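Colleague: These protein sequence lines map, in sequence, to chains C, B, S and U. Everything in the first sequence is counted per this note's numbering, starting at 45 for the first residue and increasing by one. Everything in the second sequence is counted per this note's numbering, starting at 45 for the first residue and increasing by one. Everything in the third sequence is counted per this note's numbering, starting at 45 for the first residue and increasing by one. Everything in the fourth sequence is counted per this note's numbering, starting at 45 for the first residue and increasing by one.
If you are wondering where the hints come from, they were derived from the structure by calculation, not from laboratory data. There's no promise every hint is true.
Same chains, same names: a pair is fine if it fits in one copy or spans any two.
In the DSSO-like style, the derived pairs of lysine-lysine whose C-alpha atoms are separated by at most 27 angstroms in a straight line are [said to hold, decoys possible]:
| id | residue 1 | residue 2 |
| --- | --- | --- |
| 1 | Lys-129 | Lys-114 |
| 2 | Lys-80 | Lys-103 |
| 3 | Lys-144 | Lys-99 |
| 4 | Lys-129 | Lys-103 |
| 5 | Lys-129 | Lys-80 |
| 6 | Lys-77 | Lys-128 |
| 7 | Lys-99 | Lys-77 |
| 8 | Lys-80 | Lys-128 |
| 9 | Lys-77 | Lys-142 |
| 10 | Lys-103 | Lys-144 |
| 11 | Lys-129 | Lys-144 |
| 12 | Lys-80 | Lys-114 |
Bear in mind that the values here come from a model prediction, so they are computed numbers and not experimental data.
Protein chains: 4
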Amino acid sequence: MAIVEVTIAPFGTGSTSLSRYVAGCHRVLEQEKNLKYMLTPMGTVIEGDLDLVLKTVRKMHEVPFDEGAKRVSTLIRIDDRRDKKGTMEGKIESVQSKLK
Amino acid sequence: MAIVEVTIAPFGTGSTSLSRYVAGCHRVLEQEKNLKYMLTPMGTVIEGDLDLVLKTVRKMHEVPFDEGAKRVSTLIRIDDRRDKKGTMEGKIESVQSKLK
Amino acid sequence: MAIVEVTIAPFGTGSTSLSRYVAGCHRVLEQEKNLKYMLTPMGTVIEGDLDLVLKTVRKMHEVPFDEGAKRVSTLIRIDDRRDKKGTMEGKIESVQSKLK
Amino acid sequence: MAIVEVTIAPFGTGSTSLSRYVAGCHRVLEQEKNLKYMLTPMGTVIEGDLDLVLKTVRKMHEVPFDEGAKRVSTLIRIDDRRDKKGTMEGKIESVQSKLK
Numbered sequence: 045m046a047i048v049e050v051t052i053a054p055f056g057t058g059s060t061s062l063s064r065y066v067a068g069c070h071r072v073l074e075q076e077k078n079l080k081y082m083l084t085p086m087g088t089v090i091e092g093d094l095d096l097v098l099k100t101v102r103k104m105h106e107v108p109f110d111e112g113a114k115r116v117s118t119l120i121r122i123d124d125r126r127d128k129k130g131t132m133e134g135k136i137e138s139v140q141s142k143l144k
Numbered sequence: 045m046a047i048v049e050v051t052i053a054p055f056g057t058g059s060t061s062l063s064r065y066v067a068g069c070h071r072v073l074e075q076e077k078n079l080k081y082m083l084t085p086m087g088t089v090i091e092g093d094l095d096l097v098l099k100t101v102r103k104m105h106e107v108p109f110d111e112g113a114k115r116v117s118t119l120i121r122i123d124d125r126r127d128k129k130g131t132m133e134g135k136i137e138s139v140q141s142k143l144k
Numbered sequence: 045m046a047i048v049e050v051t052i053a054p055f056g057t058g059s060t061s062l063s064r065y066v067a068g069c070h071r072v073l074e075q076e077k078n079l080k081y082m083l084t085p086m087g088t089v090i091e092g093d094l095d096l097v098l099k100t101v102r103k104m105h106e107v108p109f110d111e112g113a114k115r116v117s118t119l120i121r122i123d124d125r126r127d128k129k130g131t132m133e134g135k136i137e138s139v140q141s142k143l144k
Numbered sequence: 045m046a047i048v049e050v051t052i053a054p055f056g057t058g059s060t061s062l063s064r065y066v067a068g069c070h071r072v073l074e075q076e077k078n079l080k081y082m083l084t085p086m087g088t089v090i091e092g093d094l095d096l097v098l099k100t101v102r103k104m105h106e107v108p109f110d111e112g113a114k115r116v117s118t119l120i121r122i123d124d125r126r127d128k129k130g131t132m133e134g135k136i137e138s139v140q141s142k143l144k
């Protein structure tokens, strides 16, 4: 189980708005029943088996091309912890408990 | 107004747990009344005047050193949009409206 | 053909030095005859077929675990351009020609 | 002394080519006599006093706006090591010595 942040954006589309590409990527994610994910203002955080996550991110990377983009920039950040089960919720709770 | 994601982590601390450093960075953020921020599983997203955000991130970067770290890796991603007011909430809503 | 930057680093190893993990990752890269790559001070830039690059990066991500790490952070940045053949050399030359 | 990678790119310009913006950012860097820097296929790596680097990156971030862009994405990665003097050359040599 890994936690992975992904941000996918096309260059040269002529519009500063990128949300329709993000929405298209989320439609790919919706089809993966074994992944949890969370939309943030700067990307999407996905939790699940690392190989499944990466396979899904690879599909998401094609979305802007399918919609006409000619250049796509994709940022993937993997946090892979194997000494304990890392979850999206657990990471946030761990920080919040220390702030109390 | 810009939206900025920041992830700050020390190397070589001998522990795989990093949440106490994240909590320390949030204590710095709590003191800035003119910034909005959101904790995500992979970092912190901050909204506000870009110069104030960067000044604050610079302070946050010192937190792990203050707690004994000798090497710190900080990732900063700036999304700066000047054709309309970008907000953390607005970005998420824009995607969600296209998913309906 | 895509150009991909990758930075792989373990947390909690007790040492601030990370070069031996980078060297281990490069030994994986050396075995891929169809990829070009370049070491930079902040990561490794790889050029080649995107699926082959990602498959290789997936192997590189295991290197710190094989050497005893319990938590690994991997950053992958993909620049995928399909209107022309993007190469590492071509990108640098394009900037340099504009600086003359 | 820190080592910092920066990648600055505009969205919505209508062109997939970004090298003229990179060149503009390098003209800002050329004016800073106390910074070393290196162009890579995926960004620019800068070595120097962290506050001076960040002040310079802040100026570089304005370059695409000055040239008409309405949305700019800037990625900054800081590697700040205080147990020994980190240099761009030293980091590369450290890996290469382990590969021999």
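Colleague: Each of the hints needs a verdict: does it hold here or not?
Modeller: Hint-by-hint comparison with the structure:
no.: 1; hint: Lys-129 to Lys-114; verdict: between (39 angstroms within a copy, 11 angstroms between copies)
no.: 2; hint: Lys-80 to Lys-103; verdict: both (16 angstroms within a copy, 24 angstroms between copies)
no.: 3; hint: Lys-144 to Lys-99; verdict: between (38 angstroms within a copy, 25 angstroms between copies)
no.: 4; hint: Lys-129 to Lys-103; verdict: both (26 angstroms within a copy, 21 angstroms between copies)
no.: 5; hint: Lys-129 to Lys-80; verdict: within (14 angstroms within a copy, 30 angstroms between copies)
no.: 6; hint: Lys-77 to Lys-128; verdict: within (23 angstroms within a copy, 36 angstroms between copies)
no.: 7; hint: Lys-99 to Lys-77; verdict: both (14 angstroms within a copy, 23 angstroms between copies)
no.: 8; hint: Lys-80 to Lys-128; verdict: within (18 angstroms within a copy, 32 angstroms between copies)
no.: 9; hint: Lys-77 to Lys-142; verdict: between (32 angstroms within a copy, 21 angstroms between copies)
no.: 10; hint: Lys-103 to Lys-144; verdict: between (40 angstroms within a copy, 21 angstroms between copies)
no.: 11; hint: Lys-129 to Lys-144; verdict: within (23 angstroms within a copy, 33 angstroms between copies)
no.: 12; hint: Lys-80 to Lys-114; verdict: between (29 angstroms within a copy, 23 angstroms between copies)
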